[in-house]
Structures are given as structure tokens and as C-alpha cells.
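Assemble the whole structure, with the sequences as input and the hints as a guide.
Residue numbers (our numbering), protein chains in the order written: chain A, 1 to 372; chain B, 1 to 372.
A portion of the hints provided could be inaccurate.
Unchecked claim - Only pairs whose alpha carbons sit at most 25 Å apart, straight line, appear in this in silico SDA-like list of lysine to any residue:
id, chain 1, residue 1, chain 2, residue 2
1, B, Lys314, B, Pro299
2, B, Lys314, A, Asn43
3, B, Lys354, A, Arg36
4, B, Lys314, A, Arg42
5, A, Lys354, B, Lys314
6, A, Lys354, B, Arg36
7, B, Lys354, A, Gly35
8, A, Lys314, B, Arg42
It is worth saying that the hints were derived from the structure and are not from the lab.
In case you want the letters, here they are:
Number of protein chains: 2
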Amino acid sequence: MTQGTDKTDKTALRPEVLFTVGPTQMSPQTLACAGRQVPYFRNQAFSDVVLECERFVLEFAHAPQGSRMVLLTASGTGAMEATVTNCLDASDRALVIVGGGFGRRFSALCERHGIAHDDLELDSEEALTQERLAAFEGAGHTALLVNLHETSTGQLYDLPMLSDFCQRNQMTLVVDAISSFAADRIDMAASCIDALIVSSQKALALAPGISLVLLSPRMLEERVARITSPTLYFDFADYLVNGTRGQTPFTPAVGIVYELLERLRRIDASGGIDTEVARTRTLARDFRGRIAELNVGAPSFPMSNALTRVILPKPVAGETVRALAEEGLFVNPCGGVLGERCFRVAHIGDLSEKDNAQLVIALGEVLESLGA
Amino acid sequence: MTQGTDKTDKTALRPEVLFTVGPTQMSPQTLACAGRQVPYFRNQAFSDVVLECERFVLEFAHAPQGSRMVLLTASGTGAMEATVTNCLDASDRALVIVGGGFGRRFSALCERHGIAHDDLELDSEEALTQERLAAFEGAGHTALLVNLHETSTGQLYDLPMLSDFCQRNQMTLVVDAISSFAADRIDMAASCIDALIVSSQKALALAPGISLVLLSPRMLEERVARITSPTLYFDFADYLVNGTRGQTPFTPAVGIVYELLERLRRIDASGGIDTEVARTRTLARDFRGRIAELNVGAPSFPMSNALTRVILPKPVAGETVRALAEEGLFVNPCGGVLGERCFRVAHIGDLSEKDNAQLVIALGEVLESLGA
Numbered sequence: 001m002t003q004g005t006d007k008t009d010k011t012a013l014r015p016e017v018l019f020t021v022g023p024t025q026m027s028p029q030t031l032a033c034a035g036r037q038v039p040y041f042r043n044q045a046f047s048d049v050v051l052e053c054e055r056f057v058l059e060f061a062h063a064p065q066g067s068r069m070v071l072l073t074a075s076g077t078g079a080m081e082a083t084v085t086n087c088l089d090a091s092d093r094a095l096v097i098v099g100g101g102f103g104r105r106f107s108a109l110c111e112r113h114g115i116a117h118d119d120l121e122l123d124s125e126e127a128l129t130q131e132r133l134a135a136f137e138g139a140g141h142t143a144l145l146v147n148l149h150e151t152s153t154g155q156l157y158d159l160p161m162l163s164d165f166c167q168r169n170q171m172t173l174v175v176d177a178i179s180s181f182a183a184d185r186i187d188m189a190a191s192c193i194d195a196l197i198v199s200s201q202k203a204l205a206l207a208p209g210i211s212l213v214l215l216s217p218r219m220l221e222e223r224v225a226r227i228t229s230p231t232l233y234f235d236f237a238d239y240l241v242n243g244t245r246g247q248t249p250f251t252p253a254v255g256i257v258y259e260l261l262e263r264l265r266r267i268d269a270s271g272g273i274d275t276e277v278a279r280t281r282t283l284a285r286d287f288r289g290r291i292a293e294l295n296v297g298a299p300s301f302p303m304s305n306a307l308t309r310v311i312l313p314k315p316v317a318g319e320t321v322r323a324l325a326e327e328g329l330f331v332n333p334c335g336g337v338l339g340e341r342c343f344r345v346a347h348i349g350d351l352s353e354k355d356n357a358q359l360v361i362a363l364g365e366v367l368e369s370l371g372a
Numbered sequence: 001m002t003q004g005t006d007k008t009d010k011t012a013l014r015p016e017v018l019f020t021v022g023p024t025q026m027s028p029q030t031l032a033c034a035g036r037q038v039p040y041f042r043n044q045a046f047s048d049v050v051l052e053c054e055r056f057v058l059e060f061a062h063a064p065q066g067s068r069m070v071l072l073t074a075s076g077t078g079a080m081e082a083t084v085t086n087c088l089d090a091s092d093r094a095l096v097i098v099g100g101g102f103g104r105r106f107s108a109l110c111e112r113h114g115i116a117h118d119d120l121e122l123d124s125e126e127a128l129t130q131e132r133l134a135a136f137e138g139a140g141h142t143a144l145l146v147n148l149h150e151t152s153t154g155q156l157y158d159l160p161m162l163s164d165f166c167q168r169n170q171m172t173l174v175v176d177a178i179s180s181f182a183a184d185r186i187d188m189a190a191s192c193i194d195a196l197i198v199s200s201q202k203a204l205a206l207a208p209g210i211s212l213v214l215l216s217p218r219m220l221e222e223r224v225a226r227i228t229s230p231t232l233y234f235d236f237a238d239y240l241v242n243g244t245r246g247q248t249p250f251t252p253a254v255g256i257v258y259e260l261l262e263r264l265r266r267i268d269a270s271g272g273i274d275t276e277v278a279r280t281r282t283l284a285r286d287f288r289g290r291i292a293e294l295n296v297g298a299p300s301f302p303m304s305n306a307l308t309r310v311i312l313p314k315p316v317a318g319e320t321v322r323a324l325a326e327e328g329l330f331v332n333p334c335g336g337v338l339g340e341r342c343f344r345v346a347h348i349g350d351l352s353e354k355d356n357a358q359l360v361i362a363l364g365e366v367l368e369s370l371g372a
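Shown next, in the form of C-alpha cells:
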């Protein structure tokens, strides 16, 4: 699929490496799984696969007893929309944390579906603080929508702070953990999260195409059971009924479900989700340590283990991203105001400290050649 | 992925064969593609892939000049819902051909989205005729929704007849070709089709996860440009704007898009879509010829090349499907009233006359053992 495998340059052993947030570098085990015939799925064999995936995902999210998983064939945005429309309705007033492109997406979804909402807007370099939240205390909001990690800026929000806020204000808590699941510690039960959104192509490092929504018993009973989905394709009621026997109402991305099971079993066998999160944290710290020797910066707010936003001393981010890609090293550009001075480096997927070292050496050379 | 690869029985060389309608048997070339790292996609390399896919798909559908493709990460039902909501609105009155489960789905989608509709209901063994259509002539319908091949019963509808009906009655024509594209001849231009829906896991024989909607210039100008999508995830306007540069608004199932390009190039290199349709027709006729020697029947209405519904002399369809699966030969059960006496055999995917022969021999043995 990648053209670079024919290269005979210095990176021949590992011709292209994805430091992108999604798709991420897939492991040989996942690739072996992906290369197999997709089997028929309307049978017990596939039901068993789905049910085992659900058990693992709920366990890894520390979901409260009685939680359920909805398995969607959709990008993360599809799952965000499905969650907004099945878990909120016109009687709600949502508070949306808008710290970048993905927060704005939650806001746009509320707008599209007639859900009243206020947006807590952050500057791209501004940390979400108790002081900023205080303005919304006791203001009658019924739900908080947050991207635990705002992937466009790199900020990881303070989950205990948000959880306490929701508890005090009796708000349901909807968390997009698309780029945090398996990278940052998440405890649905302890943090009273009512809906958690996960996608295949981030820290799970699978092919993009499926997303998962985990629902707490409270969310299931008090909201999903009461709210009528405006769409058929994203109707949680239908998924939940079919899901009790490990099936989906419509043909799922069967191949990626098999990749998911293989990955979840491997996380389990390697010591569980805490070990996986620790591995990612170590990799992130390793990278952040290495770039300290270059003339670059990083944001001052808390960062997810999933990625580091690198801030350059000169506006040469576009050239830097392109030059690294020519070396087979793929990083994510930033959009908007961050675009000229920043790019993003992921620490999720099948990466090692050796990959970090290779990237940082290449980055140093590129910056030197650009006079930055 | 399939467990059967460890089997050491008589079918060891090809341990499991999918005669199912989707997923279908994938070719070695597709599997090789599927087993490769999913690359980063927000760049020109991926844009070029998407644009080449669009050119091929429009060509293979004989789409009129100026048609466009929308690339969705969703099952076929997602694409059906996206089409209904972006191409119809409350000012419409649709006529839905309901000849089985998939026709009922179009009807349910109209219902969910407040689109007035009348259903032309067929019995499971009833052919759609000019006489049945006549009752709806000049009745003020604005759109016809039809599954070209009603996959739950096996019926292929008469496209020229439906097209003439739409032309006479000035109706827009929406065709679900999910199980017909690349299996039955389709000419969007000649049949004045305004929207054509395709999915990855049928005759294209790719992993399930992406669906395509092809839109005629008339549909684009007169409807899509005017109608506001109720959802963000399925908002065609957004896909069409991004699609001009070969991108999608949200992360697509990148891996399957690469499978798609490889498959489209292979169809092109093998003589084009007409050759592929002819190959499937030959395979279907071969199968239908072979079962003529068994004590089974087939429907009397026109059938798609994509599958044959086999009608058994006794109500042993469930046992038959299970016994064949034990041999590694997977066929589709039928739902509802057809369930006890019928099952379905697909002729799409990487199948050969040798596979047909193996299946028919096994079927003969199973029926004999069941006394049917």
C-alpha cells in the first residue's frame, strides 16, 4: 500500500513510519490479521468475537457494571453524532468544551440537531482551568461534551475536575476519548462518564472504519431508552437489542472487528490497559526528552500521552512536515493559526524509542537545513 | 481470521469458501493489499487514489458527464439513509418498491425522515410487472426508490421498465445497486438513474466498511444543492466540496479505499466492467445449470447474476446451511417466510466453476443425508 517499500535509502529496514494520530503504525500482528479473508458474520462464531470485544473494551475503560458497547461502522465523527443524537434531545442544554477543531465539531453537532448549548471557548494555547469552568457553575446545563484530548491542539483536559463539575451540577458526562483510549488513563466508573467514544485507528492502531460508544447504565436507562434516534443507521436502541447476542443491525466492518479482538487480547496478555497506557506515556516522555535538545518548544498545558505538538522557532512547519515525509517519516500538520509554527507527533501505534530517535535526528537535520 | 485454515480435512487447499452475498470471497490481490500498513491520507498521494477511484466507478456505472461520487465510511444502510436524506425532503412523495427486507428498509428510512411514500408491496415469489406499476401511473410521485436486486429474495427488477416509468412520470430515480454493481449491467446515463448506491463487500469483493453514492448532474443541481442534510456525518455538500480535491470531511476507511483502487484497476485491465459482469453471469448460469440435476428449484422471476435462491423440496434449509458450513462452504440463509425452504448462494467474489462444482456435490450429499 505504501510506495516507500521499494526505497533503498538509509531507512530501508522500516521505509515509512507513521507518527500520525490516525491511521497509526499498525503492528505485524494486526497486519497479519488484516490480510486474512473476512469471514461470514451472521453466526455464533462472529457473535462470540463481538461479545469478547465488548467484555475487553468495557474492562479496559473501567466501565461500571451493566455498561454496554455500541459497535458502529463509521469514523469517529459518526460516533460523536450518534452519541449526541441518542443521548441528548431538545430538552437538554449542553456545555461544550471548545478548545479546537474537535470541540467545535461537538458544538456543530448540537447546532445541527437543535440541542441548546453554550461553548466554553479556549485559545489554542490556553489551559482549561477551574476558573474558566466556574463561570458555568449552576447555570442549568444538563450535559457536558468534551474531547478528553483535543487532538487539534494537543491539550488533555483535567478529567477529575470535569467529573467533579458534572457531579456538582448534575450533568451527564459525554467524553470523546477517540485519541485518548489506550493512551491516557480513563476510568468511566470513577469519573462518572456516561458515554465514552472510541475509534479503531488511534491508540488501538487498527485500520480506520469502526467506532465504539460505551454507555453507562445510567445513560442507558435515563436517556437512551427514552430518546428516539433521528436516524436509522445510528439508532442505538437497535444496536443494543442486536448487541445482546453479539450482532449488529447492519453489516459491520467485520475485518476490523477481528483486528480489534486480536489487539485487545494482546493488550490483555501484555499486562492489561494500565501497562499499555504506561508504555505510551514512556514513549511520549522519551520523545519530549529528546526534542529538549533542539531549538523547539511544546505547549505549556497538560498534554495527552498520545501526541506532542512541536512548536518551531520560525514559521516553517509546512516545509518541515514535507521534508520529513520525504524521509518516510509522517507527522501531522496543524490547522488554523497553529499551522505555520506547529506540527504534531503521535506516540500511539507500533512505535519505539528507536523510532523517536530516528525522527528527532531527522527533525534536527531538517530544521538546520531550513535555518530554524 | 477464519479458524478453518488449521483444518486438515479434504478441503484443506481452500478450507473455507464464501458463497455469501457479503462479505464475499476476496482475491489474493485484495488480501495482499489489505495486509499492508494503512498510510497517512491527508496528502496528495491519497487524494490521487480517491480521484482515480471516482473516475473508474463513474466509468463503470456509465454515469453521465458531470456525475460525482460520495465516499462514505458506512455500511450500505448508512449510504441508503444518506441518499434518502440528501436527495429527498418533505416536499417529496416517494414510491418504494418493497419486494423484501431491503425494500422495507427504504420504506423505513422514508418513515423515519418524514418523507411521504407509497409502497408497492410484492409477495416473496411475485415478479414486479408493468401491471403492478400501472396502478401508480400519474399518481403524483416525485421519486422512485428501488433495490435493483432485492437481495433478500433474489429478484432483479426490470431497470428499463422502471426507468421508463420514471421518465413518463417525471420522477427522480434512486437505485440501490449494492448487490448489483459489477454483477449486473447498469447504465446510469441510459437508465436516467439519479443516485446509485454501491458497497465494498458485494461484487467488488472488498472488506465491508465503505459505501459509494454516485450522483447525476441533475440530482446534484436540482436536489442535493437545495436540500439541507439533517446530519453532519452524511452531509453530501461537505463530501462534494472535499471530494473535488480527492478528500473526505472525516477519516475514511483508508485501507478499504486502497483495496478499491486495486480492484477497479484489475477490472479495467481485465477488459472492463462488461467483462466482469459477463464473468459473473457465466458463473451464475453454471451454478443454475448444475443444480438442475438436484431435486431443488429456483424462483421464476428474473434473478440477479449476483445470487441464486435455492428452493428445497422439504423445509430443511436451516439444517442444510449448517451442514454446508461444517464443510467450510458458507451460504446465506433466508429470513422470514422463505427461511425454512430456501437459502441463497452468491456468485460474486473470487469464485470459480470449480467452487460451484464443490458446492453442488456437497449440497447433493447433504440433501441426500437429510432425505430431501
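A quick look at each hint next to the structure:
no.	hint	result
1	B:Lys314 x B:Pro299	holds, 16 Å
2	B:Lys314 x A:Asn43	holds, 23 Å
3	B:Lys354 x A:Arg36	holds, 22 Å
4	B:Lys314 x A:Arg42	holds, 23 Å
5	A:Lys354 x B:Lys314	violated, 65 Å
6	A:Lys354 x B:Arg36	holds, 22 Å
7	B:Lys354 x A:Gly35	holds, 24 Å
8	A:Lys314 x B:Arg42	holds, 23 Å
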